[in-house]
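Novice: Each chain, written out:
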Amino acid sequence: MKNNKRDIDIYKQKIKKSGFRITETRMVILDILLKSPDKLNAEELFFLSHKKYPKIGMATIYRTLRLLEKEGLVTKVGFENNKAKYKIKESPEINPKKNDFKLVPGNLDKNTGKINIKDKSISNINYAPGIGYASAFESFKDMERISAIQNQLAGWLGDLNKIKREKELALEDVIKDFGKVDKIVIYHENQRSNLIQILLDVQNEYRWLPKHVLLYISNRLDIPLSNIYDITTFYKYFNLEPQGRHSIIVCMGTACHIRGAMNLLQRIVNTLKIKPGDTTSDYNFTLNTVNCLGCCALGPVMMVDNKYFSNPSTGMLKKILKQFY
Amino acid sequence: MTVKISNRIDSLENLKEKANEFKRQLDDSVVISICSGTGCMAYSSDVIYCGLQKEIEKSSSKTAKKIILKRTGCHGYCERGPIVVIYPQEICYLGVREKDIPEIVEKTIKGEIVESLLYKDEEGNPIVKETDIPFYKFQKRIILSNNSKIDPQSIDDYIRIGGYQSLAKATSQMSPEEVLQEVKKANLRGRGGGGFPAGVKWETTKNAPGEPKYVIVNADEGDPGAYMDRSILEGNPHSILEGLVIGAFAIGSNKGFVYVRQEYPQAVKNIKKAIGQAKEYGFLGKNILNSGFDFDVEIHRGAGAFVSGESSALTAAIEGNVGEPRLKYIRTAVSGLWGRPTNLNNVETWANVPLIIKNGADWFKSIGTKNSSGTKIFSLVGKVNNTGLVEVPMGITIRDIIYKIGGGIKGNKEFKAVQTGGPSGGVIPEQLLDLPVDFDELTKAGSMMGSGGMIVMDESDCMVNVAHYFLKFSADESCGKCVPCREGLRQMIYIYERIMEGKGREEDLILLADLSLLLKEASLCALGTTAPNIVLTTLKYFKEEYEAHIYYNICPAKVCVPLISYVIDENKCAGCGICVKACPVDAIRGESKKPHIIDSEICIKCGSCIEVCPEKYSAIEKKTGLVLEKAKQKKETEGGVDLSK
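For the protein sequence lines, the chains are A and B, in the order given. Numbering of the first sequence is given in our numbering, commencing with residue 1 and proceeding in unit increments. Numbering of the second sequence is given in our numbering, commencing with residue 1 and proceeding in unit increments.
For the record, the hints were derived by calculation from the structure and aren't laboratory data. Keep in mind that a hint or two might mislead.
Computed list of lysine-lysine pairs in BS3-like fashion (alpha-carbon distance at most 27 Å, straight line) [said to hold, decoys possible]:
id, chain 1, residue 1, chain 2, residue 2
1, B, Lys-581, A, Lys-322
2, A, Lys-319, B, Lys-581
3, B, Lys-110, B, Lys-120
4, B, Lys-255, A, Lys-183
5, B, Lys-481, A, Lys-236
For clarity, every value in this text was computed on a predicted model and none was experimentally measured.
Start from the sequences, fold in the hints, and give me the full structure.
Specialist: Right under this line is the structure:
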């Protein structure tokens, strides 16, 4: 049904040839029939079209169907409950639908509802769907559709269970986090004046400050979350975003600055393709600048985790960074 | 049943006995002390320590001599790290590497010297003793000299060199008032930059109404390029504690805080351990040395804000609030932590106190100048040959520090200026090099001594760029409370950026001067009032550089990126192609063995190509003034805008 537009055009051409007008109603009904995998009776057509086009009445539907049937665009396919069912008549100009089944000899696997092809060399045999084959064709298609739906359902259920399990695990982790943070708060004697020390300890534990932890601390110490954010955004040491596995720090102290720290930073930015303060997309490196590392004799200095490197060139940088993967 | 023997010391005599006992333990033994300060750690001195340990274990079977290996704090000569000193002979080995380990251990056992690791003077003569090396000879290391002798994580070592005897003397033989008067007489001025007489501050705190009183150690060393306090914290934490307890005794305070930056993890560790050990030995806690005086101390870690090193901001941070300064019409000495009288002093100030009590105020005053007694530790960094920490008596000239101790300018370039005082200080040009270093002289010249950063700059440093760097730092660290600092710094930075791009205007210089004076008068705290010092001093002494940027669009030092271009000299380039690979933006083109060209439109001026161009060719150089030439050409062809206006 993906080539819907094209199919519609072909039908338009056919109607034109026969000298009948292309009205909106006729296009709508053709559209629905094209899109529908099943055969539909007039009532079903009415309901489906009425949603979008309330102007179409039952009489219009019957009239259009008769017309399209006469033109050979639509065929009547059997009866159900005394109501005639219609469907699009396949025409060789139209591309076969994607889910179409090329009928080949083989065995119907009752479990999966799929056909195990015996002779794989026979592939593109086209059987014109007449009445007899049509029903077999239909039942095959149904089985395929049912099994597809069953597979999909099984997949959904599996996903749901996976999500549920992940949520449970995440919840377990969150509860563990609260336990760890609680220990830190108790170590600092539950004092509100020790907030900065508590946050420092939490940051050293996780390397960043997750929001649920901050919410917990806010509740525990009875400090508004906005106050906590005040402190975490004022002091540069705190990270409110997850950090990469390795931290790269470039010293921007005065001694390093006049020895070319800006050039070194530029080289690192070009190699890693991130700005200071950002993390690489694979969460491996976080780049930061700092005011003085205290080893001015080595300036300009780059520190990766706790290893120091003095003024690495671009080539050396690539070699150094490879070690940290 | 095991009985734990208490380590508690309860009198001066007891302490002296212990000191002698520890000294005797070192008789007939050789001590190898290896520097584990941050600078040397960056040179992998911890690897060398482990190597030495293994080697000593291996050789211990071959000799009866006792070899003790110590890890010490910063020795100061960071340029030539890692440093190893052998005691008792005081043999100093510089630039030790892993491959030297077997030789060092072997020769030390035999009592011989490893010649290749000694310092060599200009004629090539080797110097053996640490104190004879020119770098150390001209210093007066009353505080730092202990760093090489003790293991900072051992309180026994500190006791061995006479530690805590001043505290014992103060609590047993002097009254609090006598201690205070002694410190006041010695004219100990705050080493954190303010230079306020410590004794007077102590007195104000003591006499201010309110209980309890607090004492604080300000170890929030935020100046970029300064790491003096760190070396004391990591190398000799007990000296600070001792000074703190003596001060608390004099003021009448029973609770103290040490506010350390989180960015100094080793310092936090060492001071934590020191406090634990001091408690165990009875130098902290209840009834210190049987004097009836109680004192306890807590560690508070900073979290990365430069401005919270200011005293009122620091007290706010200890209270758990945001570290913003407040108006100081009431000093913290009168109303500080939780509204109580609080005495705050810098690490170095506290470290001087035990020395004053031990040797007397007169001894302290004999060092230094009339108004500034004692010594000061500077971190001498930048374009100088001997980078490191130097401790000099006040009154020594800057020229002596840079040339005698620092060994002159690196690469024999021309000296241009020395920046003192960190972001609050200014530059001192060549003509003022003979100024004596002390609290008042430098302030008169427009700079200040500050906490001790001393950054030497040569002809390849652009003053406009340096001023911009410091302004950016101050603006970044500004708390934002007051308009002059918050807005004024920002506007000054915009002006600087325009100047550095070649779009400077004539009135910019007047505007900068106006803004600077405004900040000096109207800012809330010292960050705002001292931030313009760099602008004012560079304008005063280096006006030609600003004018070159504005009127001629050239950067004489070839630093300001928009005004320079990297050019390959056709005659020198051999087409080896090394620079092509080094360039991160592929700006260099050329055929093999033919001179290459740098595309100045793409070039980001990172300097990678200059670094890798082989010395025999040295074909790449920085040029300035090409921007103006290009603009002139453009003007002739298109009639564009005149950049020099």
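Novice: Please go over all the hints and tell whether each is borne out by the structure.
Specialist: Verification of the hints:
| no. | hint | verdict |
| --- | --- | --- |
| 1 | Lys-581(B) to Lys-322(A) | holds, 18 Å |
| 2 | Lys-319(A) to Lys-581(B) | holds, 14 Å |
| 3 | Lys-110(B) to Lys-120(B) | holds, 23 Å |
| 4 | Lys-255(B) to Lys-183(A) | holds, 25 Å |
| 5 | Lys-481(B) to Lys-236(A) | holds, 17 Å |
Of the numbered hints given earlier, the model fails none.
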